[in-house]
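Heads up: the protein sequence lines correspond to chains A and B, in order. If you read the first sequence in our numbering, its first letter stands for residue 1, the second for the next number, and so on. If you read the second sequence in our numbering, its first letter stands for residue 223, the second for the next number, and so on.
Worth double-checking, as some hints may not be accurate.
Just the calculated beta-carbon pair ranges, DEER-fashion [unchecked claim]:
| # | chain 1 | residue 1 | chain 2 | residue 2 | range |
| --- | --- | --- | --- | --- | --- |
| 1 | B | TYR314 | A | ALA142 | 16 to 26 Å |
| 2 | B | PRO406 | A | THR213 | 45 to 55 Å |
| 3 | B | ILE274 | A | ASP209 | 30 to 40 Å |
| 4 | A | ALA180 | B | ASN420 | 32 to 42 Å |
| 5 | B | TRP354 | A | LYS219 | 20 to 30 Å |
| 6 | A | THR213 | B | ASN420 | 48 to 58 Å |
| 7 | A | ALA214 | B | LYS266 | 47 to 57 Å |
| 8 | A | ASP179 | B | MET357 | 48 to 58 Å |
| 9 | A | ALA214 | B | TRP354 | 23 to 33 Å |
| 10 | B | GLN256 | A | ARG80 | 47 to 57 Å |
| 11 | A | ALA148 | B | PRO406 | 50 to 60 Å |
| 12 | A | ARG33 | B | ILE427 | 43 to 53 Å |
| 13 | A | ARG33 | B | PRO262 | 47 to 57 Å |
| 14 | B | SER227 | A | PHE210 | 51 to 61 Å |
Subject to a maximum C-alpha distance of 20 Å in a straight line, what follows is the list of computed SDA-like cross-link-like pairs (lysine to any residue) [claimed, not checked]:
| # | chain 1 | residue 1 | chain 2 | residue 2 |
| --- | --- | --- | --- | --- |
| 15 | A | LYS54 | A | SER14 |
| 16 | B | LYS316 | A | GLU77 |
| 17 | B | LYS307 | A | GLN78 |
| 18 | B | LYS277 | A | TYR92 |
| 19 | B | LYS329 | A | ALA93 |
| 20 | B | LYS316 | A | GLN78 |
| 21 | A | LYS54 | B | GLY285 |
| 22 | A | LYS219 | A | GLN122 |
| 23 | A | LYS53 | B | LYS353 |
| 24 | A | LYS54 | A | SER40 |
| 25 | B | LYS397 | B | ASP332 |
| 26 | A | LYS106 | B | ILE293 |
| 27 | B | LYS328 | A | GLN78 |
| 28 | B | LYS307 | B | ASP247 |
| 29 | A | LYS27 | B | ASP312 |
| 30 | A | LYS54 | B | GLU361 |
| 31 | B | LYS316 | A | TRP12 |
| 32 | B | LYS229 | A | ALA93 |
| 33 | B | LYS307 | A | GLU77 |
| 34 | A | LYS106 | B | PRO368 |
| 35 | A | LYS206 | A | PRO15 |
| 36 | B | LYS358 | A | ARG63 |
| 37 | A | LYS53 | B | LYS277 |
| 38 | B | LYS316 | A | ARG89 |
| 39 | A | LYS138 | B | GLY285 |
| 40 | B | LYS328 | A | ASN114 |
For the record, the hints were derived by calculation from the structure and aren't laboratory data. C-beta atoms are modelled at their ideal positions from N, C-alpha and C, and glycine is treated no differently.
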Amino acid sequence: MADESVRLLCVWSSPYSMRVMLALELKSIPYERVEQDVRSKGELLLRSNPVHKKVPVLIHNGRPIAESSVIIEYIDEQWRDRGDEILPRDPYARAQERFWADFVEKKIFAGSANVVFRATGQDDFLASCDILEEELRKSNRAPYFGGAKLGLVDIVLVSTALCSKSLVEVGGLRLPSRDACPRFLALLDAIREHPLVRSSLPSPDKLRDFFATAMPWIKSLS
Amino acid sequence: MSKDSVKLLNFWPSMFGLRVHYALDLKGVSYDYQEERLLPNKSKELLEANPIYAKIPVLIHNGKPICESLIIVDYIDSVWPSPHKLLPEDPYEKAVARFWADFGDKKLFDAGSRLIRAMGEEHKKAGEDLKWALMKIDEALGTIAPGKPFFGGDAMNFADVALAPFICCFKAYQKVGGFVLPGPEEWPNLYKWVDAVNSVDAIKISTPSPDKVAEFAEVIRQRVIGTA
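Take these sequences, add in the hints, and give me the full structure.
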């Protein structure tokens with residue numbers, strides 16, 4: 001690894017940057033965080049992601065990869081023999097993990113954003129939490145969705161785990177109650193408490209304070 | 223060795239379902255096909271196979287369902303790696319293929335769908351977005367595999383399979399969506415890619431006729447206009 005260059009173009013508060021950072025941490029990949037100013041996009045970002053012009057972008061030995069879901073799978077494959085596997089090797093188990101990661105992104109994360117930024121979908125969001133709760137109950141996955149260790153779904157959920165305080169206290173999102181979704185809420189707690197999450201990602205309080213000031217601008221992006 | 227049971231639940235106009243057809247047909251996997259009539263009610267089998275979304279396509283392999291078209295194609299490629307591997311072995315090339323497949327979902331199919339369903343300003347924007355997306359694909363083909371017909375070089379790969387279903391919709395986008403398609407002088411790589419995809423025998427097996435797709439798009443648009 002000594003002669004490898006791994007740089008991450010990111011924004012500390014970005015939910016998608018957080019997911020990639022966690023994946024890198026899980027694999028113990030040394031990397032350089034290159035904080036971006038998305039209000040004034042630099043030449044490196046525009047050159048590295050000319051199609052979407054967004055963070056995060058991973059630049060590995062000078063070659064850029066964009067889109068967090070693509071980056072995370074790249075990290076898992078490129079450094080297959082380092083750290084824990086992010087996705088299972090079995091094709092069916094892998095398909096299931098990807099399905100639930102996609103569900104979390106579309107229905108839980110984007111669902112929560114709809115409530116806060118478009119003032120719609122609160123009931124849909126709660127219904128989606130119920131669906132995830134049922135999957136956790138049926139499959140007995142604990143403490144993480146990936147079982148004993150964090151997997152792809154947990155990585156995608158880290159954005160919700162860390163941003164939920166912001167979305168609730170500043171954005172007016174209603175989370176399900178502990179009675180309704182005990183496993184789902186326990187999963188978010190477990191992810192928040194994971195040593196790598198605590199040591200490398202922003203705290204819910206820091207995000208909440210940022211969100212309170214940045215909310216109008218973030219709203220304008222949606 | 224017992225035979226694999228492979229079944230595809232789909233609805234013929236679905237571009238997402240067509241991706242699964244292409245993956246199976248390119249690999250010569252035999253499968254049962256079940257046309258799902260989604261209206262007025264979804265079938266019991268579909269609801270059991272995809273209880274979360276109740277959507278097609280669903281692949282049922284030896285009784286186990288797999289949902290979401292790109293997840294299905296990835297699965298097919300893992301279970302039946304040969305012949306015709308769709309995802310490159312090299313992690314970086316794999317990431318490039320995945321990026322363009324994802325681009326298809328986020329920018330191409332979305333714009334196409336809005337072109338058929340939207341009115342007024344939204345419709346105009348959909349046309350602009352579609353043009354931009356096709357331009358990006360033309361550029362990408364020139365960068366990723368210069369001088370070669372496919373994203374995968376000489377043969378279709380994961381990105382080609384993800385984007386190819388779009389080709390049979392061109393007529394619908396023009397006739398029904400009013401989309402004006404720039405010519406090959408403007409998008410040489412895209413046109414070469416379309417010709418190359420259309421000449422692959424496996425692709426011809428399941429692709430619906432562009433006329434039929436245009437007819438179906440007309441029905442959808444009339445429904446939208448009717449409720450406007």
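Structure-based check of each hint:
{"no.": "1", "hint": "B:TYR314 x A:ALA142: 16 to 26 Å", "result": "violated (35 Å)"}
{"no.": "2", "hint": "B:PRO406 x A:THR213: 45 to 55 Å", "result": "holds (51 Å)"}
{"no.": "3", "hint": "B:ILE274 x A:ASP209: 30 to 40 Å", "result": "holds (36 Å)"}
{"no.": "4", "hint": "A:ALA180 x B:ASN420: 32 to 42 Å", "result": "violated (52 Å)"}
{"no.": "5", "hint": "B:TRP354 x A:LYS219: 20 to 30 Å", "result": "holds (25 Å)"}
{"no.": "6", "hint": "A:THR213 x B:ASN420: 48 to 58 Å", "result": "holds (54 Å)"}
{"no.": "7", "hint": "A:ALA214 x B:LYS266: 47 to 57 Å", "result": "holds (48 Å)"}
{"no.": "8", "hint": "A:ASP179 x B:MET357: 48 to 58 Å", "result": "holds (52 Å)"}
{"no.": "9", "hint": "A:ALA214 x B:TRP354: 23 to 33 Å", "result": "holds (29 Å)"}
{"no.": "10", "hint": "B:GLN256 x A:ARG80: 47 to 57 Å", "result": "violated (37 Å)"}
{"no.": "11", "hint": "A:ALA148 x B:PRO406: 50 to 60 Å", "result": "holds (56 Å)"}
{"no.": "12", "hint": "A:ARG33 x B:ILE427: 43 to 53 Å", "result": "holds (49 Å)"}
{"no.": "13", "hint": "A:ARG33 x B:PRO262: 47 to 57 Å", "result": "holds (53 Å)"}
{"no.": "14", "hint": "B:SER227 x A:PHE210: 51 to 61 Å", "result": "holds (52 Å)"}
{"no.": "15", "hint": "A:LYS54 x A:SER14", "result": "holds (10 Å)"}
{"no.": "16", "hint": "B:LYS316 x A:GLU77", "result": "holds (9 Å)"}
{"no.": "17", "hint": "B:LYS307 x A:GLN78", "result": "holds (19 Å)"}
{"no.": "18", "hint": "B:LYS277 x A:TYR92", "result": "holds (19 Å)"}
{"no.": "19", "hint": "B:LYS329 x A:ALA93", "result": "violated (29 Å)"}
{"no.": "20", "hint": "B:LYS316 x A:GLN78", "result": "holds (10 Å)"}
{"no.": "21", "hint": "A:LYS54 x B:GLY285", "result": "violated (40 Å)"}
{"no.": "22", "hint": "A:LYS219 x A:GLN122", "result": "holds (17 Å)"}
{"no.": "23", "hint": "A:LYS53 x B:LYS353", "result": "holds (18 Å)"}
{"no.": "24", "hint": "A:LYS54 x A:SER40", "result": "holds (12 Å)"}
{"no.": "25", "hint": "B:LYS397 x B:ASP332", "result": "holds (18 Å)"}
{"no.": "26", "hint": "A:LYS106 x B:ILE293", "result": "holds (15 Å)"}
{"no.": "27", "hint": "B:LYS328 x A:GLN78", "result": "violated (25 Å)"}
{"no.": "28", "hint": "B:LYS307 x B:ASP247", "result": "holds (12 Å)"}
{"no.": "29", "hint": "A:LYS27 x B:ASP312", "result": "holds (19 Å)"}
{"no.": "30", "hint": "A:LYS54 x B:GLU361", "result": "holds (19 Å)"}
{"no.": "31", "hint": "B:LYS316 x A:TRP12", "result": "violated (27 Å)"}
{"no.": "32", "hint": "B:LYS229 x A:ALA93", "result": "holds (19 Å)"}
{"no.": "33", "hint": "B:LYS307 x A:GLU77", "result": "holds (17 Å)"}
{"no.": "34", "hint": "A:LYS106 x B:PRO368", "result": "violated (35 Å)"}
{"no.": "35", "hint": "A:LYS206 x A:PRO15", "result": "holds (13 Å)"}
{"no.": "36", "hint": "B:LYS358 x A:ARG63", "result": "holds (19 Å)"}
{"no.": "37", "hint": "A:LYS53 x B:LYS277", "result": "violated (32 Å)"}
{"no.": "38", "hint": "B:LYS316 x A:ARG89", "result": "holds (16 Å)"}
{"no.": "39", "hint": "A:LYS138 x B:GLY285", "result": "holds (19 Å)"}
{"no.": "40", "hint": "B:LYS328 x A:ASN114", "result": "holds (17 Å)"}
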